[in-house]
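One-letter residues, chain by chain:
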Amino acid sequence: MKDILSGNEAIARGAWEAGVRFAAAYPGTPSTEILENIRGYEDIESQWSPNEKVATEVALGASIAGARSLAVMKHVGVNVAADPLFTASYTGVNGGFVMITADDPAMHSSQNEQDNRNYARFAKVPLLEPSDSQEAKDMLKLAFELSEEFDTPVLFRTTTRISHSKTMVELGERAALEPLTVLEKDVPKYTMLPGFARAKHPKVEQRILDLAQRAETLDVNRIEMGDPAVGIVASGVVYQYAREAFPGASFLKLGMTYPLPQGMVEKFRSKVDRLYVVEELDPFLEERIRLMGVKVDGGKSVFPITGELDPGLVARLLTAAGAPGADGDLLTEPGPGAEGLPMRPPTLCPGCSHRGVFTVLSRLKVFVSGDIGCYTLGAMPPFGAMHSCVCMGASIGMAHGISKVTDAQGQIKNQTVAVIGDSTFFHSGITGLMDTIWNRGASTTIILDNRTTAMTGGQETPGTGKTLSGEPAAEVDIPRLVEALGVKRIAYMDPYDLTETEEVIRRELEAPEPSVIIARAPCVLQFKIMNDPWTVDSELCNGCKRCLRVGCVALSLIEGEGEEDTLVEIDPVQCNGCGVCAQMCRFGAILPPVPVEA
Amino acid sequence: MTENGTTTNILISGVGGQGVLLASYVLGQAAMKEGYEVKQSEVHGMSQRGGSVVSHLRFGERLASPIVTQGTADFLLSFEPLEALRFFNWLRPGALLIYNTLRVNPSTVAAGLATYPDGIHERIAQAWPNSRGIDATLLAEEAGTAKATNIVMLGSIARELPFPLETWRHIIGRVVPPKTVDTNMKAFELGRAAGR
Ligand SMILES: Cc1ncc(C[n+]2csc(CCOP(=O)(O)OP(=O)(O)O)c2C)c(N)n1
Ligand code: SF4
Ligand code: SF4
Chain H
1 MKDILSGNEA
11 IARGAWEAGV
21 RFAAAYPGTP
31 STEILENIRG
41 YEDIESQWSP
51 NEKVATEVAL
61 GASIAGARSL
71 AVMKHVGVNV
81 AADPLFTASY
91 TGVNGGFVMI
101 TADDPAMHSS
111 QNEQDNRNYA
121 RFAKVPLLEP
131 SDSQEAKDML
141 KLAFELSEEF
151 DTPVLFRTTT
161 RISHSKTMVE
171 LGERAALEPL
181 TVLEKDVPKY
191 TMLPGFARAK
201 HPKVEQRILD
211 LAQRAETLDV
221 NRIEMGDPAV
231 GIVASGVVYQ
241 YAREAFPGAS
251 FLKLGMTYPL
261 PQGMVEKFRS
271 KVDRLYVVEE
281 LDPFLEERIR
291 LMGVKVDGGK
301 SVFPITGELD
311 PGLVARLLTA
321 AGAPGADGDL
331 LTEPGPGAEG
341 LPMRPPTLCP
351 GCSHRGVFTV
361 LSRLKVFVSG
371 DIGCYTLGAM
381 PPFGAMHSCV
391 CMGASIGMAH
401 GISKVTDAQG
411 QIKNQTVAVI
421 GDSTFFHSGI
431 TGLMDTIWNR
441 GASTTIILDN
451 RTTAMTGGQE
461 TPGTGKTLSG
471 EPAAEVDIPR
481 LVEALGVKRI
491 AYMDPYDLTE
501 TEEVIRRELE
511 APEPSVIIAR
521 APCVLQFKIM
531 NDPWTVDSEL
541 CNGCKRCLRV
551 GCVALSLIEG
561 EGEEDTLVEI
571 DPVQCNGCGV
581 CAQMCRFGAI
591 LPPVPVEA
Chain L
1 MTENGTTTNI
11 LISGVGGQGV
21 LLASYVLGQA
31 AMKEGYEVKQ
41 SEVHGMSQRG
51 GSVVSHLRFG
61 ERLASPIVTQ
71 GTADFLLSFE
81 PLEALRFFNW
91 LRPGALLIYN
101 TLRVNPSTVA
111 AGLATYPDGI
121 HERIAQAWPN
131 SRGIDATLLA
141 EEAGTAKATN
151 IVMLGSIARE
161 LPFPLETWRH
171 IIGRVVPPKT
181 VDTNMKAFEL
191 GRAAGR
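Protein chains in written order, with the working numbering: chain H, 1 to 598; chain L, 1 to 196.
Treat the hints as calculated values from the structure; they're not laboratory data.
If a hint is listed, it holds; no wrong ones were tucked in.
Only pairs whose alpha carbons sit at most 20 angstroms apart, straight line, appear in this in silico EDC-like list of lysine to aspartate or glutamate:
hint: 1; chain 1: L; residue 1: K33; chain 2: L; residue 2: E166
hint: 2; chain 1: H; residue 1: K295; chain 2: H; residue 2: D227
hint: 3; chain 1: H; residue 1: K545; chain 2: H; residue 2: E564
hint: 4; chain 1: L; residue 1: K147; chain 2: H; residue 2: D571
hint: 5; chain 1: H; residue 1: K253; chain 2: H; residue 2: D219
hint: 6; chain 1: L; residue 1: K33; chain 2: H; residue 2: E170
hint: 7; chain 1: H; residue 1: K2; chain 2: L; residue 2: E34
hint: 8; chain 1: L; residue 1: K179; chain 2: L; residue 2: E142
hint: 9; chain 1: L; residue 1: K147; chain 2: L; residue 2: D135
hint: 10; chain 1: H; residue 1: K2; chain 2: L; residue 2: E37
hint: 11; chain 1: H; residue 1: K295; chain 2: H; residue 2: E266
hint: 12; chain 1: H; residue 1: K203; chain 2: H; residue 2: D186
hint: 13; chain 1: H; residue 1: K2; chain 2: L; residue 2: E61
hint: 14; chain 1: L; residue 1: K147; chain 2: H; residue 2: D532
hint: 15; chain 1: H; residue 1: K124; chain 2: H; residue 2: E57
hint: 16; chain 1: H; residue 1: K124; chain 2: H; residue 2: E148
hint: 17; chain 1: H; residue 1: K200; chain 2: H; residue 2: E184
hint: 18; chain 1: L; residue 1: K33; chain 2: H; residue 2: D3
hint: 19; chain 1: H; residue 1: K267; chain 2: H; residue 2: D297
hint: 20; chain 1: H; residue 1: K141; chain 2: H; residue 2: E178
hint: 21; chain 1: H; residue 1: K271; chain 2: H; residue 2: E216
With these hints in hand, go ahead and build the complete structure from the sequences.
Structure (structure tokens):
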């Protein structure tokens, strides 16, 4: 049977067909739908973890217990999970263990553009890269086989265009599994004391040499001869772009991109006149190939090191570099577009519980040390109320660092506030708060507890009382957790009440000790909360635009009756009746819905 | 058209929450049912938060890339005028642009930080003479709900594509909520009539 599956759906299917018993992840675009789809396969025990490090550790535990297991994350998640990954490379596995990294060239929804192929070399583990959904499904099975045969974790890399592109897939079935019966103990294998680890390191080095040998005969690596004038080395979605751009060329198509099959690369070189390495981001393949002493006629000298490629770009840049045979259709430079169009960036939903907090923060003269989530949109106009955002969980530690050096002079006291979402607090904010308390900090932390991981589509968190599969679970009690960390001042505010929000934030900023403010209000999108729309009384509205500072798309300026007269209007379809804009109006022009008589 | 001359490239643009991805899904399923190879690509991420959304759909006998190359789209289906104007130069010369005439303000306009282009329909017609504006949201309301705007838009392009009516009906019937099948079929018909 055939279906059109996204790369992520295909990976989930591949996990099921490959006999995976356990999968763990922390959400992150473009990887999130992998676990959301795995949840649908009852034979796989699957879970969200609080962060990627924990996801990797639980999956490794499952592997040691004999299960094929999967840890899934976006590219920056591997930074968090790098610690267990690097030493799992030494312990090796029992049941196959695969880590999926979903990279995001062009940063469609990420804070950096790191190329995680580098992790394979750094951690000395093999790397597989599918070029469409069929390969994503098939190569995942290969990943588990290699993991078990070579006793190694396997890194499996997609990019946004693999994870979120849909192509046709032939579906297979899952073979029946025997239940696991023994939990073997093997101290030298799994206990990385220096003595045992020293014995492991040479084996890890040998393993990579052995894998390079195997790479020569894996059918995911192959030479596809066409016109010998142009030879292209490519992998992943870039292989598809290059195929489209140079339909007649010769290809070295790599499914395993670390370690590389040197013999195959040399053979390919000897068959083609010019050799081009086409890859997004770092010159990862190019450098390895050049190190082999193989001549490369074009790589990063032709292609940019930032952003994504596409078929047109590959056709134009390689043609400019002297490669014949591009599809003429792709060679024309696209015509100019329309100039000066307003951008349409993402924005806080109408009714979002974060809106009131940023409306207030934008008028307080504080440095907002921010974090990652929907609330990062508080950095955008009209708020401009987030002044740093680096990685998940960083807000609290950074605020502490800022207040430590600014407080020391006694001049700019308590001018820093950390803002963090609930999911991000559980992910890696707790240790930052612990640091603040331990080291006698005085900064204020606002926890935006909207009861979900909204930014990635509304996943459960350790605080929502439910697991990935919807089963009831214990709920982390944020106030009691914070209290246990040593926080003495815990305040609460209703983020829809601007007066209260401002009062509480001001008061806690003044306090000479650290404090935590909890704004608990559910995400209106995730919980499908719909309130009746508010309206503008056109008699009372004088067009001062003060309400527009809440940055809500339901509000707009329209022409009034008189000349030069502008008024604000509320779109009743988009408005979610939160009343935040009304609190900005000094003329009482924004009115609540009239209750319908029963 | 690319490679062997039988590939159709469609770009669908709109605003997060307008149902762009569902429309693209229907097109993909219809193409598959008709025996074509199908590739599709979209960027979600923060799309639900009212940002621009683009979906690429390609079908044909043999194709490699899941994304359409700028300047080679055979059709641009835009769910909002500004998003038509933003993407018209993805079309190949002479190709067809169909767009929903209902304006949706971007957040920058709502916040009073930018203005929505004046005379947008004239600008589209000038930039791309082979374009048709359709009151898709009005037609969807006529069919029963504004939520069916994406199905009206599909109807508006239906005559241009080599899929029989039963295929459209079959796929739409499968993807929309059961209670709304009649409304959506009506929306599709209204779109088809308007797409002339
Ligand atoms: C290490 C890492 N993992 C995952 C992500 C993707 N990501 C960004 S923010 C976020 C969660 C946001 O949830 P929350 O803090 O509750 O804020 P909300 O979006 O609900 O406002 C996730 C999963 C990331 N940027 N970095
Ligand atoms: S999804 Fe939820 S948290 Fe995110 S902007 Fe919308 S309402 Fe706010
Ligand atoms: S009440 Fe005001 S701020 Fe709230 S959703 Fe409606 S228009 Fe937006």
